[in-house]
Amino acid sequence: MPKEKFFEKREKELTEDISTLEGYINDLWEIIPVAICITTPIFTLLETSRSFNNLFGYEKDEITGSPIETIFSKEEDLKNLSEKLFPRKKILNFEISGKAKGGKEIPMLVSAIAREDQEGELVSYIFSFVDVTLIRRVEGTLEEKVAELQRYTVQLEGSRRALLNILEDVESERVAAEKERDKTAAIIKNFADGLLLMENNKISLINPAAQAFFNVSEAEVVGRTIAELEGTAKIQSFAKFLNKTGADIFREELPLNENFILEVSTVATLKDAKETGKIIILHDVSREKMVEKMKTEFVSLAAHQLRTPLSAIKWALKMLLDGDMGSIKQDQKNFLEKTYQSNERMIALVNDLLDITRIEEGKYLYKPTVTQLELVAKFVADSYKDEAKAKNIKLTLRKSDSLLRPVKIDVEKIRLAMQNIIDNAIRYSAEGSEVIVACSGNEKEAIFSVQDSGIGIPKDQRTRMFSKFFRGSNAVRIDTEGSGLGLYIAKNIVEAHNGRIWFESEPGKGATFYFSLPIDSSNGKI
Amino acid sequence: MEKNEIEEILKKQGDARGAVFHTDLNYVLQKTASEDSVAKIEEKLKEWGVNLVYRKVEPMSWYPVAWRTLSLLAIQEVLGWDDEEIIKMGRNAPRVSVIVKLFFKLFPDIGKFARQIPKYWTKHYTCGTLKVVELDKDNKQLILRLENFAFHPILCKYLKGYFETATKLTRPKDSIVTCEEIQCTFKDSTPYEVYQIKWTK
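The listed protein sequences correspond, in order, to chains X and H.
In terms of the working numbering, the first sequence opens at residue 1 and continues consecutively.
In terms of the working numbering, the second sequence opens at residue 1001 and continues consecutively.
Honestly, the hints are just simulated from the structure, not real lab data.
Quantities reported herein were computed from a predicted structural model and do not represent experimental measurements.
Ideal Cβ placement from N, Cα and C applies to all residues, glycine included.
Careful: at least some of the hints might be erroneous.
[As the list claims (entries may be wrong)] Stretch by stretch, here's where chain H covers chain X in the computed footprint (C-beta under 8 Å, at least three residues): (1) 18-31; (2) 62-69; (3) 120-128.
Construct the complete structure from the given sequences, taking the supplied hints into account.
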């Protein structure tokens, strides 16, 4: 082949290769997803990829030939760029604030490298750009979140410390509460009285003493209502008792059998002034009751035994005083009269004691009659007229302003109660004073009162005035012969009629004793 | 264009890289955004005996410089463009020319830049010689002489714009570059054209 032909053929082949290469490069510029550009050594844009054009918003023809400043929003990003890139011969990575068409700033990560020819001369630069807007936004959000997280961490740390402190306090409180609980449990367990705790109408606790009282186990009782317990034979009577009484109880007696009596009290448990449950206290009063009974029986026996000889003495003395046994001298008569009075007092005491034993034995019979309280009061007051006169005391019966409604009473017993009160008034009033007996009333009750202007009742002794054998210290000084049983008997009689008894007094100025009895609502039916 | 005028051009020898037709197509589409315009230009060329389809042109293959000349003339005639628009076409060409991108080293040093100009011309054309007659760095002036390239005055306009942009690509952004044809075969009956390129920075 001639030389000329060879070179012609060779050139044609090379041209074809270059064309293929150019097409290949053009396709790459179109398809490559990275924003790339080539600039002249003075940073004039010569070639741009499709992604570059899309990123900055320029058409290829529009941006080609433009200085690179067109896409850099800050001059300082370009400062000394050529020195940094050439003759470094390495890829330089840096961040810039890019500028798209229209001026929109875009944070960008830039990689750039200088290209040189075979002689080492700088011929162009290649730049690639990555839009880091999203990354920066995410980073910003991330930083905010991290800062937020740090704030929360600090708060949580504070909360944790606070919680630990609280936990420590709670633990201390728990230990203290456990100690207290153990202490309480020990008290409850070893408490001689029976204790039951009711919550939400169910028994939540029963101590060993209460279990022993009813011969029941904890399992048989705890978690059950009172109504449910009515079906359990061992504790049936107690359950019925509670159901029957309903409201709060204070020292009510519950005889479980003849020799076993419990005194039952209930106390409401409150939380924020709201009742949350009930504590039931069971006190075994069997022994006290037995002793009391024995005592009563003894007194009753003694009184009965004493009354017969005292009556015999009374009649013997009477016969002597009346001269049935022959005449006696005046001084003998005086002596016998004193003996007679003493015997009378002894008989009265014995009668009082017998009344008391009857009351305490529950044998104090109640024979109800519907009557006017005023009539009974008049009868009793009249019976004291002579005695009052003898003491130069004006005994006045003050009538009620209106007609009192009838009461249903055991007349004999009410008379006794009135006698005891009037007797005291006359006994402890000075000569020339007045004792006023009066009756009053309303729709619900009739009230009897006795007002004197006697010695009155010392303040510190008022709570004991209705106790058995109690006598006021000032009364003892005046009269040594009272038994201290009159008011006790009166109180028992009145309360047996569902009435109330009370007094008002000022020491040295006298006292007024009252008792009230409920109006009869049976319309006379007995 | 007169038939004999066209024939006269077609008679002239010498080839140019197909890339020049690509730059023509690029500018026409930039300005008209119309494929119809391209078709009309191709029709005009066909009428003149040049069977050229712009998109089928291989950028690195050789085509007659006469075709290249007639391409410019057809564009001017079909689109009714004046000489100023042809200068602008020349200005646009280096920006989009694959030849520039592949072979032209746009050194910021004007001396280095000037030295490669003659060689660069031969990568573009098989006819004509482009010489650097004078490089005056102090006065910021470069004189180029293009010999044996008398195809048609339209190429003078085109090359004026081309040289201007090619030089501009090597200068700082705020440098003002101008190019003037100070001697022309068609005006001054010289066997060459002389171009004076000036810049401010």
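Each hint tested on the structure:
no.	hint	verdict
1	18-31	holds (count 3)
2	62-69	holds (count 4)
3	120-128	holds (count 4)
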